[in-house]
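Protein chains: 2
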Amino acid sequence: MSNTHIEATIAALRDILGDRLSTGSSILDQHSHDEAYTTPVLPDAVAFPETTEEVSLILKVCSQHGCPVVPYGVGSSLEGHIVPVQGGITVDTSRMNRVLQINESDLDAVVEPGVTRVQLNEELRATGLMFTVDPGADASLGGMAATRASGTNTVRYGTMADNVLALEVVLPDGQIIETGSRARKSSTGYDLTHLFVGSEGTLGIITKLTVKLRGQPEHVAAATCAFPDIASAVDTVILAIQMGLPMARIELLDEVQMKGMNIYNPDMGLPEVPHLFLEFHGSEAGVAEQVESFASLVEEHGGSDFKWATRTEDRNRLWQARHNAYYAGKALRPGCEGLVTDCCVPISALAGCIARTKEVIAQSGLIAPLVGHVGDGNFHLLILVDPENADEMERAKALANQVNMLALEFGGTVSGEHGVGLGKRKYLAEEHGAAYALMATLKKAIDPGNIMNPGKLVTLN
Amino acid sequence: MSNTHIEATIAALRDILGDRLSTGSSILDQHSHDEAYTTPVLPDAVAFPETTEEVSLILKVCSQHGCPVVPYGVGSSLEGHIVPVQGGITVDTSRMNRVLQINESDLDAVVEPGVTRVQLNEELRATGLMFTVDPGADASLGGMAATRASGTNTVRYGTMADNVLALEVVLPDGQIIETGSRARKSSTGYDLTHLFVGSEGTLGIITKLTVKLRGQPEHVAAATCAFPDIASAVDTVILAIQMGLPMARIELLDEVQMKGMNIYNPDMGLPEVPHLFLEFHGSEAGVAEQVESFASLVEEHGGSDFKWATRTEDRNRLWQARHNAYYAGKALRPGCEGLVTDCCVPISALAGCIARTKEVIAQSGLIAPLVGHVGDGNFHLLILVDPENADEMERAKALANQVNMLALEFGGTVSGEHGVGLGKRKYLAEEHGAAYALMATLKKAIDPGNIMNPGKLVTLN
Numbered sequence: 003m004s005n006t007h008i009e010a011t012i013a014a015l016r017d018i019l020g021d022r023l024s025t026g027s028s029i030l031d032q033h034s035h036d037e038a039y040t041t042p043v044l045p046d047a048v049a050f051p052e053t054t055e056e057v058s059l060i061l062k063v064c065s066q067h068g069c070p071v072v073p074y075g076v077g078s079s080l081e082g083h084i085v086p087v088q089g090g091i092t093v094d095t096s097r098m099n100r101v102l103q104i105n106e107s108d109l110d111a112v113v114e115p116g117v118t119r120v121q122l123n124e125e126l127r128a129t130g131l132m133f134t135v136d137p138g139a140d141a142s143l144g145g146m147a148a149t150r151a152s153g154t155n156t157v158r159y160g161t162m163a164d165n166v167l168a169l170e171v172v173l174p175d176g177q178i179i180e181t182g183s184r185a186r187k188s189s190t191g192y193d194l195t196h197l198f199v200g201s202e203g204t205l206g207i208i209t210k211l212t213v214k215l216r217g218q219p220e221h222v223a224a225a226t227c228a229f230p231d232i233a234s235a236v237d238t239v240i241l242a243i244q245m246g247l248p249m250a251r252i253e254l255l256d257e258v259q260m261k262g263m264n265i266y267n268p269d270m271g272l273p274e275v276p277h278l279f280l281e282f283h284g285s286e287a288g289v290a291e292q293v294e295s296f297a298s299l300v301e302e303h304g305g306s307d308f309k310w311a312t313r314t315e316d317r318n319r320l321w322q323a324r325h326n327a328y329y330a331g332k333a334l335r336p337g338c339e340g341l342v343t344d345c346c347v348p349i350s351a352l353a354g355c356i357a358r359t360k361e362v363i364a365q366s367g368l369i370a371p372l373v374g375h376v377g378d379g380n381f382h383l384l385i386l387v388d389p390e391n392a393d394e395m396e397r398a399k400a401l402a403n404q405v406n407m408l409a410l411e412f413g414g415t416v417s418g419e420h421g422v423g424l425g426k427r428k429y430l431a432e433e434h435g436a437a438y439a440l441m442a443t444l445k446k447a448i449d450p451g452n453i454m455n456p457g458k459l460v461t462l463n
Numbered sequence: 003m004s005n006t007h008i009e010a011t012i013a014a015l016r017d018i019l020g021d022r023l024s025t026g027s028s029i030l031d032q033h034s035h036d037e038a039y040t041t042p043v044l045p046d047a048v049a050f051p052e053t054t055e056e057v058s059l060i061l062k063v064c065s066q067h068g069c070p071v072v073p074y075g076v077g078s079s080l081e082g083h084i085v086p087v088q089g090g091i092t093v094d095t096s097r098m099n100r101v102l103q104i105n106e107s108d109l110d111a112v113v114e115p116g117v118t119r120v121q122l123n124e125e126l127r128a129t130g131l132m133f134t135v136d137p138g139a140d141a142s143l144g145g146m147a148a149t150r151a152s153g154t155n156t157v158r159y160g161t162m163a164d165n166v167l168a169l170e171v172v173l174p175d176g177q178i179i180e181t182g183s184r185a186r187k188s189s190t191g192y193d194l195t196h197l198f199v200g201s202e203g204t205l206g207i208i209t210k211l212t213v214k215l216r217g218q219p220e221h222v223a224a225a226t227c228a229f230p231d232i233a234s235a236v237d238t239v240i241l242a243i244q245m246g247l248p249m250a251r252i253e254l255l256d257e258v259q260m261k262g263m264n265i266y267n268p269d270m271g272l273p274e275v276p277h278l279f280l281e282f283h284g285s286e287a288g289v290a291e292q293v294e295s296f297a298s299l300v301e302e303h304g305g306s307d308f309k310w311a312t313r314t315e316d317r318n319r320l321w322q323a324r325h326n327a328y329y330a331g332k333a334l335r336p337g338c339e340g341l342v343t344d345c346c347v348p349i350s351a352l353a354g355c356i357a358r359t360k361e362v363i364a365q366s367g368l369i370a371p372l373v374g375h376v377g378d379g380n381f382h383l384l385i386l387v388d389p390e391n392a393d394e395m396e397r398a399k400a401l402a403n404q405v406n407m408l409a410l411e412f413g414g415t416v417s418g419e420h421g422v423g424l425g426k427r428k429y430l431a432e433e434h435g436a437a438y439a440l441m442a443t444l445k446k447a448i449d450p451g452n453i454m455n456p457g458k459l460v461t462l463n
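Here the protein sequences line up with chains B and C, keeping their order. Note that our numbering has the first sequence beginning at 3, numbered continuously upward. Note that our numbering has the second sequence beginning at 3, numbered continuously upward.
Errors might be hidden in some of the hints.
Since the list gives no way to pick one copy over another, a pair counts as held whenever it fits inside one copy or between any two copies.
[Claimed, not checked] Listed below are the simulated SDA-like cross-link pairs for lysine to any residue, each with C-alpha atoms no more than 25 angstroms apart in a straight line:
no.	residue 1	residue 2
1	Lys399	Leu424
2	Lys428	Asn403
3	Lys399	Glu339
4	Lys332	Glu125
Quick caveat, the hints were computed from the structure, so don't treat them as lab data.
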């Protein structure tokens with residue numbers, strides 16, 4: 003894009019937004035990167051719209067000028083999704099952060115895209131309802147929808163794809179559409195809601211979301227449980243899933259990760275062997291029944307050392323520690339950077355895939371703690387590297403690549419929940435085959451000028 | 003399409019399929035209509051492929067000749083979906099009816115599109131697993147995916163959108179793609195699986211489905227329960243949903259429908275007042291707990307006369323009677339035809355929408371029993387008409403139209419589960435607004451020759 007064009011775009015946007023269009027260097031810098039270890043790129047300007055109509059005006063201007071547009075939530079994505087690789091305008095939705103409706107009778111809420119998951123749950127507290135999808139970060143709901151995020155309790159309550167009922171979206175040409183309704187199901191026409199969930203800002207900007215809520219469970223029990231080896235822990239999970247045990251959370255942490263947990267959480271004091279972190283939701287009797295069934299599986303697989311967190315504050319501390327697993331992993335090697343993988347395979351392939359993964363980690367000579375939402379077949383490595391050491395960076399990237407190829411070999415996907423961004427683009431042709439070309443066809447049809455988050459997700463000729 | 007073109011198409015297809023391309027009049031007649039009360043239209047020929055590769059060859063030939071193609075399962079759709087309004091080739095998938103994989107460890111199965119829901123459950127019986135989506139008819143899974151079908155236990159286990167993990171699809175040009183994988187979740191790219199689920203054969207032909215399975219419940223309890231009026235029954239349902247009671251089925255039948263049930267099922271003998279038909283799944287203790295909670299709600303709302311079906315054969319008889327509600331409704335007026343509506347509204351709007359619906363039925367002077375999957379906010383009228391009576395037909399259509407407009411007024415959809423076909427097309431612009439144009443954009447991008455089920459779902463200029 004030429005300087006003249008970008009200047010004309012910025013001038014037009016300033017007429018609409020006034021001070022809420024920023025070209026200040028600290029603002030540009032903040033919007034040049036996310037949590038991924040990627041090269042930052044500055045946008046030309048950052049817009050802070052407050053309404054859908056403003057988003058629509060921004061996109062009208064940008065589409066007229068052919069100016070790239072990158073939607074931005076809180077910048078907690080993990081694959082460089084919001085890096086404006088072709089410059090242009092970043093649209094920061096943080097001022098669109100109102101909870102518009104809480105429909106207690108329908109178990110849904112209508113929110114603006116800048117509302118974060120913690121914010122929504124705080125607003126819900128008095129109602130006895132909760133929003134369930136919980137990635138590690140306090141992400142914005144718009145960003146979570148755009149990346150099809152999930153989290154620790156997806157095994158019970160689903161991903162963003164399962165929890166978004168309807169969207170309002172501004173298309174690249176500025177047109178405003180609504181997808182879906184607050185009815186729980188519909189068979190009228192193409193499922194546009196699911197098309198935009200996971201589209202990573204490449205098809206339009208989400209300006210409103212209707213999300214499902216659930217009743218807070220009557221009774222909750224959380225626990226940690228130790229295993230002699232990782233295979234026993236994984237086999238326990240596989241059997242629990244097959245038995246249909248409705249676990250609310252079932253997280254695997256390997257012996258390497260547990261070492262990091264003890265460093266980062268000095269009062270945790272758990273043995274440095276593979277662990278499952280668990281949570282059960284239900285009536286008091288229902289939870290007792292689940293716990294009993296699960297405990298007998300654990301015993302069969304040589305697990306032991308159940309530690310129950312019965313008080314709310316103990317449970318919160320447990321799950322906060324799990325959500326901070328990234329930082330705990332990094333504590334194993336102070337000053338390092340982390341490359342994160344996000345494989346997800348069919349549950350029957352999980353034990354085999356993890357065993358092969360551990361082999362390639364050992365061959366690499368690198369430290370790479372493993373944590374996983376194993377009830378979904380999803381697990382992460384945090385590959386620790388010294389970014390100044392070029393040889394080590396090469397080895398780390400090679401390891402990540404080997405692990406991603408293993409996920410595909412085992413019939414899975416290179417990303418269970420983080421998304422594609424910049425980091426996973428190179429795998430999409432391999433993962434999707436001929437279907438990847440269809441994705442490009444859809445992109446061209448909806449965004450013919452290729453202004454929405456260009457350079458991400460699909461390759462256009 | 004000119005006669006020369008269709009003859010050339012048929013000749014080319016006969017080279018591929020031999021006897022499995024039929025132009026016999028009884029075969030053409032069978033494929034000219036579904037269960038809807040619409041004007042039949044004959045296809046020019048019917049193809050019976052046995053493999054994905056044959057489907058691909060058929061679509062290559064048809065796209066070269068610009069010949070319309072209509073995918074066909076068992077013809078149990080309810081809105082004229084499979085009527086070949088522009089003639090051409092109907093692709094009947096009934097010979098693609100193999101269950102290819104049952105992955106017990108992963109709770110999924112891979113099937114060809116002609117497999118029916120009853121067939122799959124029979125093949126699953128020995129495994130202790132079940133496939134849950136249960137429309138009234140013994141529909142094909144390909145057809146159920148194409149119409150985004152659901153059924154009586156969707157309130158607990160979801161619609162086809164929730165139960166299809168992955169698809170193999172042949173695109174209009176004959177290209178074969180795979181959408182999704184057997185991994186339980188993925189964040190890599192546009193959600194093509196959900197795009198094809200509900201696309202009603204307008205974007206391609208589904209040639210393989212990976213569907214989710216569940217464990218058969220350890221314990222099941224089913225019951226019928228009578229209410230003094232429809233509002234009390236609906237309010238009971240709304241509260242049960244809000245409490246998060248995990249009912250497996252909760253069906254409303256109004257006093258008119260109950261009269262038909264007693265005629266059609268002479269040994270049923272239930273009072274002719276509004277009823278709920280219920281089912282609970284879980285452990286023995288879990289079911290007892292659900293039943294207790296539900297019974298106290300029923301008592302609060304003046305419900306009574308619980309009748310439990312504890313033996314498997316009694317439960318099967320109960321649900322078979324519910325699945326035959328269409329025929330029971332028609333028994334109220336022998337020789338009549340039925341126009342079926344399929345509204346779905348947010349649960350909080352259900353009581354209001356049904357009350358208004360009952361008013362417009364009364365004003366119409368017609369008989370229209372009401373049944374509903376009320377846990378989803380979805381209910382059907384069966385408007386009984388003498389098709390020879392033009393005035394009555396007009397009134398019936400006017401009533402259906404009023405009821406559909408009420409669904410939109412209450413924030414819902416004109417089809418919860420039957421789909422669009424021919425019957426609901428006229429509502430889509432109203433229901434989806436600007437999003438309807440985006441659906442046409444997608445159709446044009448994927449099927450630029452408009453050969454796939456033309457004249458359905460979207461309007462192309």
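Original post:
Of the numbered hints stated previously, which ones are contradicted by the structure, given in increasing order?
Top reply: When the structure is compared with the hints, only number 4 turns out to be violated.
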